[in-house]
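Undergrad: The number in this note's numbering is simply the position in the sequence shown, starting from 1, with 23 added.
In case anyone wonders, no lab produced these hints; they're calculated from the structure. You can take every hint at face value.
No more than 27 Å apart at the CA atoms, straight line, and that leaves these computed lysine-lysine pairs for BS3-like:
#: 1; residue 1: Lys112; residue 2: Lys64
#: 2; residue 1: Lys117; residue 2: Lys140
#: 3; residue 1: Lys154; residue 2: Lys140
#: 4; residue 1: Lys122; residue 2: Lys154
#: 5; residue 1: Lys154; residue 2: Lys117
#: 6; residue 1: Lys122; residue 2: Lys140
#: 7; residue 1: Lys112; residue 2: Lys154
#: 8; residue 1: Lys112; residue 2: Lys122
Beta-carbon label-pair distances, calculated as ranges:
#: 9; residue 1: Glu30; residue 2: Lys112; range: 21 to 31 Å
#: 10; residue 1: Glu25; residue 2: Val157; range: 40 to 50 Å
#: 11; residue 1: Leu74; residue 2: Met113; range: 13 to 23 Å
#: 12; residue 1: Trp27; residue 2: Ser156; range: 34 to 44 Å
#: 13; residue 1: Tyr176; residue 2: Pro32; range: 29 to 39 Å
Don't be surprised by glycine CBs; every beta carbon is placed ideally from N, CA and C.
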Amino acid sequence: GEVWAHEWPQGETHAMPIRVPPDRLYVSGAEGIGARMFRVKETDGKGEVELLWEQPFMRNHFSSAVVHEGTIYGFDNATLKAIGVEDGKMAWGKRGLGKGSLIFADGHLLVLSDRGKLVLVEATPDEYREKGSVQALEGRCWTAPALSDGRLYLRNEDELVVYDLR
Numbered sequence: 024g025e026v027w028a029h030e031w032p033q034g035e036t037h038a039m040p041i042r043v044p045p046d047r048l049y050v051s052g053a054e055g056i057g058a059r060m061f062r063v064k065e066t067d068g069k070g071e072v073e074l075l076w077e078q079p080f081m082r083n084h085f086s087s088a089v090v091h092e093g094t095i096y097g098f099d100n101a102t103l104k105a106i107g108v109e110d111g112k113m114a115w116g117k118r119g120l121g122k123g124s125l126i127f128a129d130g131h132l133l134v135l136s137d138r139g140k141l142v143l144v145e146a147t148p149d150e151y152r153e154k155g156s157v158q159a160l161e162g163r164c165w166t167a168p169a170l171s172d173g174r175l176y177l178r179n180e181d182e183l184v185v186y187d188l189r
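Kindly produce the complete structure, drawing on both the sequences and the hints.
TA: Written out as structure tokens, the structure is:
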């Protein structure tokens, strides 16, 4: 059965919530609500939810954020941002990638712009550090990259491409 619930505005577009160990949950909405960080406690099968912070930016749309070493990386509409897990404060922002998507691997963000540009970014809260980029696909790309066994899978509306990174 239901352990806990928390009200959320109807009509909001949400990316997938992100569990932040050991007891936090990051939730974001794209239609203006921004992001919230909750602490979730369970005692005897009952849940208690505490709002830790909220802020009006970091409006994840269809791409979920990723968490690495105390920093959340994700798209606030068309700006790639890094924000702190503890306080939600922005560390940096980078425009020019459209409404892209990203995954985390080996200390880096693999970012796919909404126009098919693949960008390798160091996952650090210090600053945006681009390590390289390539035009991997043409057309609109709204699907997150996938990485498995050293192969990177990218998709647009018409095709799927696979890059061997081994």
